[in-house]
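If you read the protein sequences in the order shown, they are chains A and B.
Under the working numbering, think of the first position of the first sequence as 1, with each following residue one higher.
Under the working numbering, think of the first position of the second sequence as 1, with each following residue one higher.
Be aware that one or more of the hints could be misleading.
Have a look at the derived ranges for each label pair, beta carbon to beta carbon [what the hints assert, rightly or not]:
#1 B:R197 <-> A:L287: 57 to 63 Å
#2 B:R197 <-> A:H292: 52 to 58 Å
#3 B:E405 <-> A:R79: 40 to 46 Å
#4 A:S54 <-> B:T72: 31 to 37 Å
#5 A:A136 <-> B:R197: 29 to 35 Å
#6 B:Y393 <-> A:K269: 56 to 62 Å
Derived EDC-like pairs: lysine to aspartate or glutamate, alpha-carbon spacing no greater than 20 Å straight-line [what the hints assert, rightly or not]:
#7 B:K403 <-> B:E381
#8 B:K129 <-> B:E370
#9 B:K279 <-> B:E234
#10 B:K279 <-> A:E256
#11 A:K123 <-> A:D80
#12 B:K51 <-> B:D436
#13 B:K279 <-> A:D156
#14 B:K279 <-> A:D266
#15 B:K127 <-> B:D353
#16 A:K280 <-> A:D296
#17 B:K173 <-> B:D97
#18 B:K62 <-> A:E106
Simulated from the structure, these hints should not be mistaken for lab results.
Yeah, the Cβ is synthetic: ideal placement off N, Cα and C, and Gly gets one too.
Each chain, written out:
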Amino acid sequence: MSNNLLARFAESIFWLARYMERIENLARVLDVTETHARTHLGNQDWATILEINSDHERFSASNTRISGAAVIYFYLLERDNPTSIASGMALARESARTLRHLISTEMWFQINMLNGRVQALRKRDVTPAKLSGVCAMIKEGCQAHAGITEGTLYRDAVWCFYQLGKAIERCDQTSRLVDIGYRRAMISLREEDARIVDSQLNTMLRSAAGYQAFRRRHTVRLHTDEVVDFLLFDSDFPRAMMTALNDAHAILLRLEGRHHITTSADALKILSDLRLDVLKITAKDVLDSGLHGFIDGVQQRLIACTDALGSGCFGHSSDHGDETPETAPLPS
Amino acid sequence: MPSLSKLFAHYDPNGYYCELLGSPNAQKSHLPGRGPRTDEIARRLDKMNLKTLRRRALSAEKELFNLGITFTVYSENQSVDRILPFDVLPRILTPQDWSVIERGVRQRLRVLNMFLHDIYHDQRIIKDKIIPAELVLANANFRPEMVGVDVACDTYVHICGIDIVRDAAGRFKVLEDNTRVPSGVSYVIENRHLMLRAFPDLFEGVGVRPVSDYGLRLHRALSEAAPARHGGGEVSIVLMSPGIYNSAYFEHVFLAREMGVPLVEGRDLVVDDDTVFMKTANGLERVDVIYRRIGDDFIDPEVFNPASMLGVPGLMRAYRAGRVTLANAVGTGVADDKAVYAYMPRMIRYYLDEDPILDNVHTHICREAEGLAYTLDHIDELVVKPVGEAGGYGVLIGPNASKAEIAQRRAELKADPANYIAQPVIDLSVCPTLCDGGIEPRHVDLRPFAVTGKDTWVLPGGLTRVALTKGSLIVNSSQGGGSKDTWVLEQ
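Looking at chain B on its own, in the form it has when it is part of the complex (with noise of 0.2 Å):
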């Protein structure tokens, strides 16, 4: 096998799983065969030069912010537009890789969209004891407006995205499911945009499956979801943003203009005689599908929370009629739960009598008087998070953290333990990434993008986030995180 020796000659993965050169035992400076296609990638940036890498990662991350492909960060009053900062060096998924990760999300939307129909119905999940009542009926996600609604194809869960990260042994583990109203999917296709157009080289005859059809396939899911009652022509899809001042908002544009449907924001929207229709310069025309970038709490002031000025009075009226199809559905964040999600593998046992073929990483309930006294023991061997945040807020990470700071969770934890799951520190696989010092190993996580009309597409690749700090394993775009472009071979 060729050594490299150019661009890699002080690349060393510490030990971690490298998403490019494979598992942590081979031997360094040595292609240990990820496939001959991924070694090939390897072999061509390798000869790169350090100096060209560089001018071309600047001149891509100049492309992003005069094109707009920012996301807004507030402070002070000022909105500041901000890049997702890019690395140029892509993250390879062989097709074996993809193989595991397109089967086991099938699996897990599958069992999302059941358990949410059954939480909404017969509650046999409930009755048949596999999962605790309180954490369903009484979690805050949980809406009861929903009970005995039908929705089209018994679909809640249009758009998902899961949080997928590699351990040291190079197997994937479901970190999060995404159920309500997951961002990023406009980076993956952005960036690969930017790639092609930035290294040409580097894809000649490697064979990198296209995500470019995202907005095609999204527009067929959201059409198959429409109200069944709606009888033949084109189905009127918007696509419901809470406007401008959204951090996401390039996102909402981006889907819009991919799927050639109008941008809605709620004060566009009026719903009459249970109908929602959308305010046109020709009048009011009917609206079918709202794909909505906006929460439960803020879509329906007669229902949910008063005081929103960004939602639609009577559009739940609507949605219970049958009239309208939202994607995703009213109240599948209880899905969406970090304790609901350590339940997930029993889920999947128990609705398709099937092994999960993603594993969760292994999870303690702290509201279990076991998971909360191992947590406490072990404190300092674990990530101990919130279960109600995101973004990476309030994480605690064990054997980083301070003895203030392990003393605070600890308290915390006594004082409301059923507000967190603790989960063992995962040695997240890493990719080589342009760094200040040259090429160096950083931590990446996963998020592939599913799509479920009828059935579940899943785009090939998703959005890998990478830890720009030195040994950080927190990859979130609101912490310091950047992106980088996935490739998955094909077969």
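The shape of chain A in the complex, shown without the other chains (with noise of 0.2 Å):
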């Protein structure tokens, strides 16, 4: 059934659902950034978005200061910023006409009208006074993406790659929050600010989604270990990366099982071995060993695995492994 699956699609599929992840978040983060991460004297602090986006060269080629209306118009309208929501937009936009008679009918019309909407916002559209309208716009469209997806997407491979982007870009993009949001963090205990350490950690766990899900859990005030423990380790938050992990995991067994490919064990190895790793550490052994440390271990194993697929799955040939797209395999 699915074994007649094109290389190309398998690689669409799987960057459409980073795309579609990777704006819905980016939305959530601005939107959050200007709502609730103030610095002491009340300004936003909008330098932590470049640096979770690992922007800051590329933003400076173009703008002269960090400011709001700079960044935000950095984030969301341009085009010459492959990470930018309308760049994003647009290639989700083009995977999804690539692969339009694999994605249901629904799938294809909702994303060509949200890429028309996005495209269609002007600099005036965008002034800080108005983000947080565009912002849950773009959101609602990501969110309203994920549900037709699930109601809609027929279970084949098709869809297993979709589920194995979209777990893998969320593992990425929760463990980069992670990093930066905890660094910040330290750095303003440091400097022994309670209020902005705790602006700092409400700003993490929004930027995940997870501010409800966390105070259900804990109701006293914010921990820095406790942030931390829920977003990397807690296997019941959708966005954890501990949850994002155990999908893809899952996903890729079920390609191996269901669908008989066998291509995808290179991959399978890498992030069960990844899986099993994280499963034996704690919040408390990753902070006394150095977060930033383990996290780049498992950025550095998810590029891996998603090599894995390229010259597994997506048939490019493994002497280009090194060239495998942090941002756009798009057919040229």
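Fit the two chains together into the complex; they arrive one by one in their own frames, and the hints show the way.
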């Protein structure tokens, strides 16, 4: 049944999921930063977003200083920025267009419409005062996409590669968020400004859509180690790193067991090992031995897993392994 | 007979044959009887309010755009998705109309396939001097690589779109045979779905023949045409597209989805040991039949255009070895050449010993001295077309042309007569069409689609293209044409 899924389409659907996941995440982070991430003077902390996405250099190329308006424009509309929502949305739409005969009509229709709305945004529509509304529209669009996909996409190998992309992207996004959020919280802690620490933990949780969920487990004030533990290791929270690893692992098993795809064996091996290693470790171990090193290790292994999918399932020649795109493997 | 007095109160077909009301000689505002059910549809339309009609039309066009039922236009490195403008007033074909078209198309397809088999084998038609040898053998679309190659079911043209017009007397005439990669069938089906959603009231009890089984029929025909040595099991069919930047990409997606087959590009295929494989997520899988939406020149850089990035090296080797079927076959372009077209009536008589059911538009072949002389003498009454152009480009319509345009075409004719044919201006039939000023007559043509495996099936209806500009005879989408839903009424 799934045996004739083209390698190119397996890759496209994998990246479609990643783009949509990334866009939703970025919209949430922008919104949260505008609303919650304030310094003691009441200014928003826009530099954090650049740090999460490792975009300082690219941003500085076209901007002299970090202002709300500049960062918002850079991440929402800047077409020269491949990580902007407008770029991601165009790439998602292009992937969906390539995949139109495989995805549901409803999926294509909604992505096409959402892309139309995003591409129609102009500079005047994304001023800081209007940001929240725009982000709400985008998040809602991404969530509608997720719901439509859940409800209409036929669950063959196409679906598996979609879920795999989504899980790997979530793992990547949440781990980056924790890495940067924790580092900034530590800096503030050293400066003994408890209000800022609180605000940063709050931002970190909300950026992962985890504030409410966290509150159901921890009712008193925020503790750094608890927030880190929740976002990395809580296997009931949908965007926690552990949940994403479990999901990715289950999907890789399904690809092999149910759809008889054997070309994903290397990716499965890498992910199984990673998952077992993460299962053995606690938040305390991680914080004691250095969070950044740990997360860097996780990210390296996620990249290796994506590379293995590339050479196994997506038909990349193995000597191109180091080219496996972090951003966009679109047809030229 | 009831008169039409509301929506059609001011509608006047201007002496042309009207696809709804019939012959121009019938009295204005009266139903002349294109059959009682056509009359009933006219009555229902007449009762509709112009405002409602416009509202429904607008929402239908919006739906087309949002669904991405578009073709892509390129200019200044920008790609813009456009919908084929859609007119909501359907074009009606009675069972009698359809019987002529269907039989005529099947007859033509038989002959086209016999002709192609003949010219790539014994070339009897040339030896018997029915058609000049150079017209076939020196034709740019004649592929010597196909000489002596046997194709499954002797079918060369699996998918065909034949352009037909109706003259002032109500007779159908063939304008062109499209035997390479005819487009437009996806609009036929999507237009119908759109109409069913927008005008359920109009269809009620009328008996319109369905079009939605095209994908199934196509799949069946392509399966029948699988290589002969295919030993049982499911035939592996793929649709081969040049990719998302092709203007007809939507149609490729549509057809792949309707047939439930992979939509591949050249880079997804490889040839090994004269066998074609596709690269799947699980390694290589064998391919039996390729419905290719890409021209001969580009399919195999080893044999044709070496610069082609769209094709598959070695594909012709596999094809000639009989290990894969290409639909349409390589080298069918010679049959849809506008100069070869002129010989179709003679070819029908030659191969079948039958009279053509569908006539050609009378055609003067300028490569022949007589045809050239006539064309030069009557240029201001004729439509003069370059034989190698598609999409309505380069067509001179004598009666509408300026003196300078005529002088220029005369010079071109003298310099390269073989490049031209000339035809009388046909008073194309009209359809009532929703225009800015209300309901007005606009000229239409018809492209029925036929699918051939072991035998030929014709999709009931076809693409009705409509010239949206007042008085214009040019219906091509690239020249500002639109489309209409085409209803074939049940017997």
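Now the hints, each set against the structure:
no.: 1; hint: B:R197 <-> A:L287: 57 to 63 Å; in the structure: holds (59 Å)
no.: 2; hint: B:R197 <-> A:H292: 52 to 58 Å; in the structure: holds (56 Å)
no.: 3; hint: B:E405 <-> A:R79: 40 to 46 Å; in the structure: holds (43 Å)
no.: 4; hint: A:S54 <-> B:T72: 31 to 37 Å; in the structure: holds (35 Å)
no.: 5; hint: A:A136 <-> B:R197: 29 to 35 Å; in the structure: holds (31 Å)
no.: 6; hint: B:Y393 <-> A:K269: 56 to 62 Å; in the structure: holds (58 Å)
no.: 7; hint: B:K403 <-> B:E381; in the structure: holds (13 Å)
no.: 8; hint: B:K129 <-> B:E370; in the structure: holds (18 Å)
no.: 9; hint: B:K279 <-> B:E234; in the structure: holds (18 Å)
no.: 10; hint: B:K279 <-> A:E256; in the structure: holds (18 Å)
no.: 11; hint: A:K123 <-> A:D80; in the structure: holds (15 Å)
no.: 12; hint: B:K51 <-> B:D436; in the structure: holds (12 Å)
no.: 13; hint: B:K279 <-> A:D156; in the structure: holds (18 Å)
no.: 14; hint: B:K279 <-> A:D266; in the structure: holds (18 Å)
no.: 15; hint: B:K127 <-> B:D353; in the structure: holds (18 Å)
no.: 16; hint: A:K280 <-> A:D296; in the structure: holds (17 Å)
no.: 17; hint: B:K173 <-> B:D97; in the structure: holds (12 Å)
no.: 18; hint: B:K62 <-> A:E106; in the structure: holds (16 Å)
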